[in-house]
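Number of protein chains: 2
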Amino acid sequence: MTVTVGDIGEFGLIGRIAQEAFTAPDEALGFQDDAALWRQGDGWLIATTDALVEDVDFRLNTFSWEDIGWKALAANLSDIAAMGGVPRGAFVTLCLPAGIEAADVLAFYKGMAPLAQEAQTPILGGDLSSSEQIVVSITVLGEVESRERVLRRATARVGDQIAVTGVLGNAAAGLALLEGGGNENQDYAARYIAAQRRPIPRLREGQALLEAGVRCGMDISDGLAADLQKLCTASGVRAEIILERIPTDPDLPLVFGDSHRLHAMSGGEDFELLFVAPPDTMQRAQDHLREKALEQVTVIGTIVAGQRGAVTVRDERGNVVPLSHEGFDHFGAAGIPLAGA
Amino acid sequence: MTVTVGDIGEFGLIGRIAQEAFTAPDEALGFQDDAALWRQGDGWLIATTDALVEDVDFRLNTFSWEDIGWKALAANLSDIAAMGGVPRGAFVTLCLPAGIEAADVLAFYKGMAPLAQEAQTPILGGDLSSSEQIVVSITVLGEVESRERVLRRATARVGDQIAVTGVLGNAAAGLALLEGGGNENQDYAARYIAAQRRPIPRLREGQALLEAGVRCGMDISDGLAADLQKLCTASGVRAEIILERIPTDPDLPLVFGDSHRLHAMSGGEDFELLFVAPPDTMQRAQDHLREKALEQVTVIGTIVAGQRGAVTVRDERGNVVPLSHEGFDHFGAAGIPLAGA
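Listed in order, the protein sequences are those of chains F and Y.
Under the working numbering, think of the first position of the first sequence as 1, with each following residue one higher.
Under the working numbering, think of the first position of the second sequence as 1, with each following residue one higher.
Simulated from the structure, these hints should not be mistaken for lab results.
Backbone N, C-alpha and C fix where the C-beta goes; we use that ideal spot for every residue, glycine too.
Keep in mind that a hint or two might mislead.
Quick list of the computed label-pair ranges, beta carbon to beta carbon [said to hold, decoys possible]:
no.: 1; chain 1: Y; residue 1: Ser259; chain 2: F; residue 2: Arg198; range: 33 to 39 angstroms
no.: 2; chain 1: Y; residue 1: Arg39; chain 2: F; residue 2: Pro253; range: 47 to 53 angstroms
no.: 3; chain 1: F; residue 1: Thr62; chain 2: Y; residue 2: Gly236; range: 31 to 37 angstroms
no.: 4; chain 1: Y; residue 1: Gly236; chain 2: F; residue 2: Arg59; range: 33 to 39 angstroms
Not close to chain F: a few residues of chain Y, all C-beta gaps over 10 angstroms, as computed [unchecked claim]:
no.: 5; residue: Gly6
no.: 6; residue: Arg88
no.: 7; residue: Ala102
no.: 8; residue: Pro114
no.: 9; residue: Gly180
no.: 10; residue: Thr312
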């Protein structure tokens with residue numbers, strides 16, 4: 001019997017690869033956290049790499065080349081934000097069919113430019129290659145102040161509060177509108193489609209969380225439920241969240257109806273930050289981000305003892321919400337258990 | 001009229017992208033040299049990225065997964081060697097169909113491990129994604145001592161000698177044997193096929209060239225003729241090389257017949273170093289690499305004034321050799337002019 005990549009799934013494979021590959025001393029966190037971290041001369045560098053594949057991560061009939069460039073860079077910058085890092089430069093590899101118009105390739109880089117400039121992340125180099133399917137692979141390098149002053153996944157403790165920045169579900173709503181051909185002309189539709197095509201990495205929020213003393217966090221790329229499960233697995237803890245506390249855009253029910261918060265919880269690509277801190281630090285973080293006029297912070301639950309990696313969702317009355325939604329695994333593996341009570 | 005990527009070609013596009021993208025101050029050489037170079041804290045970092053695509057750079061019926069892992073890492077390490085750098089870590093992105101066996105993915109990382117260990121280049125992180133075609137994209141980070149102490153393409157001067165490490169054409173012969181189904185059982189066949197599947201990046205040679213005072217060089221990935229043309233274009237000079245001086249394996253005529261040196265000149269993927277230096281420095285480099293028991297150095301020609309980027313090939317009697325071979329462009333563009341006299 002053979003076991004395929006699809007059977008094991010993206011997250012199962014990563015663990016096995018870490019055993020097989022020639023890896024670094026334990027200072028390299030690249031197999032567990034959003035970015036790798038290592039000492040370089042007198043500083044600490046972080047780096048992350050993320051690929052976007054045509055018809056998996058975007059479609060040419062709903063994404064412009066500018067959109068693809070923006071989103072590919074944004075997804076990588078978000079992994080730097082997830083550690084609280086400062087990005088310093090990007091390497092961009094683009095594989096595409098020879099029949100694509102040259103102007104489209106330039107549009108791809110043009111779409112990336114305003115975000116690269118805003119984040120002060122120059123494109124330092126890259127590679128072009130031919131392929132049947134478009135594949136964009138970006139590596140972003142950044143800096144952090146020290147090994148300790150960083151957002152990590154393994155540092156959640158029982159009693160900590162769980163919070164997110166911004167609102168969740170907009171990117172999923174945008175995807176639903178693009179794929180389902182919904183009411184794209186409505187006001188909210190433009191907002192949701194922009195969230196899907198041109199997400200904003202929360203770089204300043206990540207740095208501000210570090211300033212407030214937060215040391216546990218990640219970005220929400222695969223969906224809140226799936227990503228919280230990863231954080232809890234890394235920390236050896238369990239999470240309880242309250243469904244109604246998940247912050248959503250007021251118009252989200254217009255796309256997802258009554259189950260809009262379930263969609264907000266399972267939908268990926270919002271690229272908001274998910275983080276965990278003791279109550280006093282959490283209060284400081286909320287105040288600090290408000291003072292800096294950054295994204296709002298919403299507390300959605302608590303870290304508790306129990307089955308490692310389990311995420312329990314309750315409604316406001318305390319009843320466990322049965323979940324069928326799962327986070328995004330690139331190989332479609334059903335590897336993410338959402339525990340009941 | 002639309003202009004496709006195939007019309008402009010890989011190297012034409014890179015120049016236009018550098019104008020379009022948000023790029024760094026001039027210290028970032030990633031668009032011109034083999035690797036980007038920038039100051040980081042108290043040191044100088046270099047980084048390079050290179051992708052391998054199924055059925056473009058390898059085929060699953062002639063490459064094992066171990067071979068793919070080795071070659072993808074080797075191609076990137078070679079770009080670090082091309083600058084004379086010391087590699088420090090790698091990021092590996094693998095896009096592949098969900099139906100691939102998990103054991104194959106582990107074999108890919110296993111194939112990379114001995115080379116990563118030899119080069120002291122741990123795998124610091126990466127990404128897995130699903131795609132129809134296998135795409136491997138690797139970014140390698142490394143260090144150099146200073147901005148000046150590095151091999152670059154733009155520093156060739158009239159009167160300099162042109163040299164290469166090792167022998168050329170073995171990887172092309174290996175590819176011909178694999179693709180043409182030649183005499184794979186001959187002694188030489190195993191050697192050539194290994195050169196194609198498991199090339200050795202010339203890291204110690206690149207560092208030794210710097211020690212000897214060489215400051216101009218690159219690796220030969222697209223073929224000597226094409227790569228020398230790039231070096232001459234970057235330096236604003238012309239090159240004259242003598243066909244018979246191109247170092248080749250004694251058995252190469254068994255694969256390529258009388259035109260074996262033309263194949264050695266046009267065939268890519270040898271990952272030897274091509275470098276240029278004044279005669280006294282060249283002598284020092286030859287002696288230094290011999291003392292260190294590294295690859296042999298062979299002088300094959302001279303840098304001369306004239307049409308920027310032109311490469312003239314003569315036979316030993318001084319006659320110009322007419323050339324029809326061209327270097328490898330990922331989009332098949334015929335963008336590489338090989339000038340006559």
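Going through the hints against the structure:
1. Ser259/Y to Arg198/F: 33 to 39 angstroms: violated, 53 angstroms
2. Arg39/Y to Pro253/F: 47 to 53 angstroms: holds, 51 angstroms
3. Thr62/F to Gly236/Y: 31 to 37 angstroms: Because 46 angstroms falls outside the window, the suggested range is violated.
4. Gly236/Y to Arg59/F: 33 to 39 angstroms: violated, 44 angstroms
5. Gly6: violated, 3 angstroms
6. Arg88: violated, 8 angstroms
7. Ala102: violated, 5 angstroms
8. Pro114: violated, 8 angstroms
9. Gly180: holds, 22 angstroms
10. Thr312: For threonine 312/Y, whose nearest Cβ neighbour in chain F is about 28 angstroms away, the distance exceeds 10 angstroms, so it holds.
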